[in-house]
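Peer 1: With chain A's structure known, arrange chain B on it following the hints.
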Amino acid sequence: MASPIHHAQATEEAKRLRKEAGAWLKDLRKSAGLSQLDLATRLGLKYYTFISQIENGIGRVPSNLMEPWAGLVGVTPADFAKRLLSFYDPQTYRLLFDE
Amino acid sequence: MSNVISFPALARRARPRADRGRWSAAELAELMRLFGACCRGYAGAATFETGQTEMGDPQFYVVGTGPDLPCIAFASRIGTSGGHIRYVVQDGSGEVIAEGETAAAAIDIAVSTLASRNRPRRILAYLVRSIAMLLPCGIAREAGWLGDFWIEIADNPLIETLIGYAA
Numbered sequence: 001m002a003s004p005i006h007h008a009q010a011t012e013e014a015k016r017l018r019k020e021a022g023a024w025l026k027d028l029r030k031s032a033g034l035s036q037l038d039l040a041t042r043l044g045l046k047y048y049t050f051i052s053q054i055e056n057g058i059g060r061v062p063s064n065l066m067e068p069w070a071g072l073v074g075v076t077p078a079d080f081a082k083r084l085l086s087f088y089d090p091q092t093y094r095l096l097f098d099e
Numbered sequence: 001m002s003n004v005i006s007f008p009a010l011a012r013r014a015r016p017r018a019d020r021g022r023w024s025a026a027e028l029a030e031l032m033r034l035f036g037a038c039c040r041g042y043a044g045a046a047t048f049e050t051g052q053t054e055m056g057d058p059q060f061y062v063v064g065t066g067p068d069l070p071c072i073a074f075a076s077r078i079g080t081s082g083g084h085i086r087y088v089v090q091d092g093s094g095e096v097i098a099e100g101e102t103a104a105a106a107i108d109i110a111v112s113t114l115a116s117r118n119r120p121r122r123i124l125a126y127l128v129r130s131i132a133m134l135l136p137c138g139i140a141r142e143a144g145w146l147g148d149f150w151i152e153i154a155d156n157p158l159i160e161t162l163i164g165y166a167a
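Chains as they are written, first to last, in our numbering: chain A, 1 to 99; chain B, 1 to 167.
Just chain A, same shape as in the assembly (with noise of 0.2 Å):
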């Protein structure tokens, strides 16, 4: 069993890597000339917010949006998915494409 020690590190990284994610999230949007606003609406989202929330590292792209997602901001729905699974789960990650 992890100790709370390991545990609280664990932690501690899952969050460093999610506030990447939404950082790169970020980058991504940007540079494809989008406001939080417009892929929200692009996505069919209600409001805004929940984009906003991803960004600043909380929540997670969930997976039924990954490929428009991906369409929206230019990259292809492989890498943007291999991409946010280096960031959310990395040990799969590792698993799956680490040589």
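If you're looking for bench data, these hints aren't it; they were derived computationally from the structure.
One or more hints might be untrue.
Straight-line alpha carbon distances no greater than 16 Å define the calculated EDC-like cross-link-like pairs of lysine to aspartate or glutamate that follow [claimed, not checked]: (1) A:Lys26 with A:Asp38; (2) A:Lys46 with B:Asp68; (3) A:Lys46 with B:Asp91; (4) A:Lys15 with B:Glu49; (5) A:Lys82 with A:Asp38; (6) A:Lys82 with A:Glu67; (7) A:Lys30 with B:Glu54; (8) A:Lys15 with B:Asp68; (9) A:Lys19 with B:Glu49; (10) A:Lys26 with B:Glu54; (11) A:Lys19 with A:Asp89; (12) A:Lys82 with A:Asp98; (13) A:Lys15 with A:Asp89; (14) A:Lys46 with B:Glu95; (15) A:Lys19 with B:Asp68.
Owing to the predicted nature of the structure, the values given are computational and were not obtained by experimental measurement.
Peer 2: Just chain B, lined up with the frame of chain A:
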């Protein structure tokens, strides 16, 4: 010369104005009610963070402290930079739980929605706890250790049912 003096600027200043990107003390008090409701329905520990959108609208996030860092719910005040102010409460997946013209109205709805979402889980937890507590009784009954004491408690049909499950 008119002796009527208008004070439009003063009147506007006197109205409580939402600070761009920040929550007021009154709004934070309401948000703490949301935090409490989220904690009651969440099995692990939870914490909260604040942030803002690129338009300067403030956000309040309730986040679980588990390894997956689940966002349990978040609240936003939209329209701060101009236009109609509205409060929106969403769950971690972005689904709108509540909306309102005031923080109190939105959070009232959110708290009751969260409570109704958590109710089935609470009933299940109660049943599991009850069965776990009565498990030794079930074993004792099977082993015939309870004797006369068993006859008294077995009159209750609920206890009988639960012990039946436990055994």
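Peer 1: Among the hints numbered above, which are violated by the structure, and what are their numbers in rising order?
Peer 2: The structure conflicts with hints 2, 5, although it agrees with all the remaining ones.
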